[in-house]
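*Asks:* Sequences listed follow chains A and B, in order. Using the numbering used here, you'd call the opening residue of the first sequence number 1458 and step up by one each time. Using the numbering used here, you'd call the opening residue of the second sequence number 2 and step up by one each time.
No lab work stands behind these hints, which were simulated from the structure alone. The beta-carbon is built from N, C-alpha and C at its ideal position, and this holds for glycine as well. Heads up, a few of these hints could be off.
Chain B stretches covered by chain A per the calculated footprint, using a threshold of three residues with CB under 8 Å from any CB of chain A [stated by the list, open to error]:
1. 25-37
2. 43-56
3. 68-82
A short list of chain B residues far from chain A (calculated; beta carbon distances all over 10 Å) [unchecked claim]:
4. Ser-4
5. Arg-10
6. Ala-11
7. Glu-21
8. Asn-40
9. Asp-89
10. Gly-105
11. Asn-109
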Amino acid sequence: MKLTVGQELPELIKHPTTRQLVQYAGAQGDFYEIHYDQSYATSVGLPGVILHGLLKAAFLGQLVTEWLGDQGTMKTFEVSYRGIDEPGRPYRCRGRVVKVDGDQAELELWGEDSGGNRTTVGSATVEMKG
Amino acid sequence: MSSVLDRLRARIGVGEAPVEATVEAGHLERFAEAVGDPNPRWRSEAPPTFLVALAPAMVHLAEAEEYGKGWLNGGNRFEYFEPVRAGDRITATGRVADVYEKQGSSGNLLFIIFETDYVNQQGRTVARLRGTAIRR
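Isolated chain B, as found in the complex:
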């Protein structure tokens, strides 16, 4: 198991390939509808957690799947700098920020901390997301 940990730790700080996507009004609408949030504001503006739907926020790293039997989402932290609106062209760049193992109540857990920066078409960082993925 330690070899999985070593291999994943080698990826800390290494940026993933950027992913570009346009915020589509239809996608905003489907997202708000799935959440059950009727606020008309979300027809043209991104609700607080929408960016995770636009580009991968937490990568389920294939090489981590040798560890344990399933994934859990431990938590998410969003920082907002600028509003995100329909039509915006967003570039998301993710990186593994940390990988560590912890003793859980029913065996060891593997924690992968993933960070994503979201930059709009004007080159302005609109948001930053930190996610904790857990293998158990």
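Next comes chain A alone, as it looks inside the complex:
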């Protein structure tokens, strides 16, 4: 796979549900109530239950690994959570190549809510196989 600066990764659209948040809470072992208990979530000032930041990170990880396939490996992966996301709304994962240096490339990654706001931003460095 030949990488060029500006190249976009094929986008990944996820459709998280409250059921998925419960499933993820169990799989990760993160039982913080804001991810499945509506009344608890509203009591701490949230509009309702919200996605785990790390679930959004996992979505972006899926975006990158699906695109990379066996052509390369991820060396670093960084995500920053800028906004909350609620289940029942599509979550759009996107990315593009921002730098290519030999067999290494840097990616810009982001997750968008249904209003087009980048609620998660991140980056990754990947090493391509020769």
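The hints should help you fit chain B onto chain A, whose structure is shown.
*Replies:* Okay, now just chain B, sitting in the frame of chain A:
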């Protein structure tokens, strides 16, 4: 509030007790299924964020809970050195790397930076994770 900050700052650099866990194929499968990632590769190999599920990556420090009313995850940074596969025995060692307070738009926020090193059964560091936990 400053006393909470002082107490937490005293923990900077102090390592937590290591946590050992085996990467189980069933756990990999449940994790990938929860994420909704159908790649068959994850039946035997750990997907990018799996290590957080294996051992605590970001400790919700009990003594920080006097501060504010809830936790937020600010961000995570993973560095990968070696692949992690089903059957690997991983030792995770975490430490508080930094604690500081910041003025937010609706009051003060407390930031706790937590680092975890993951070492496999061969003594090789497979990954390092840095997480930012926020009390608000």
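*Asks:* Each hint: holds or not?
*Replies:* Each hint, compared with the structure:
1. For the segment 25-37 of chain B, the stated coverage by chain A holds: 7 residues have a C-beta nearer than 8 Å to a C-beta of that chain, and at least 3 were required.
2. Given a C-beta distance limit of less than 8 Å, the hint that chain A covers the segment 43-56 of chain B holds, as 5 residues qualify and 3 suffice.
3. For the segment 68-82 of chain B, the assignment as covered by chain A holds, since 12 residues bring a beta-carbon within under 8 Å of that chain's beta-carbons and 3 suffice.
4. With a minimum CB-CB distance of about 23 Å to chain A, Ser-4/B clears the 10 Å threshold, and the non-interface call stands.
5. For Arg-10/B, the shortest C-beta to C-beta distance to chain A comes to about 23 Å, beyond the 10 Å cut-off, and the non-interface label holds.
6. A cut-off of 10 Å between C-beta atoms confirms that Ala-11/B is not in contact with chain A; the least separation is 25 Å.
7. Distance check for Glu-21/B against chain A: the nearest CB is about 15 Å away, which clears 10 Å, and the non-interface claim stands.
8. For Asn-40/B, the shortest C-beta to C-beta distance to chain A comes to about 7 Å, within the 10 Å cut-off, and the non-interface label is violated.
9. Even its closest Cβ contact with chain A, about 17 Å, leaves Asp-89/B beyond 10 Å, as expected for a residue assigned away from the interface.
10. Remark: the non-interface label on Gly-105/B is consistent with the geometry, its nearest Cβ contact in chain A lying 13 Å away (cut-off 10 Å).
11. Interface exclusion of Asn-109/B from chain A stands, the closest Cβ pair being 15 Å apart, more than 10 Å.
The structure is inconsistent with hint 8 alone, although it conforms to all the rest.
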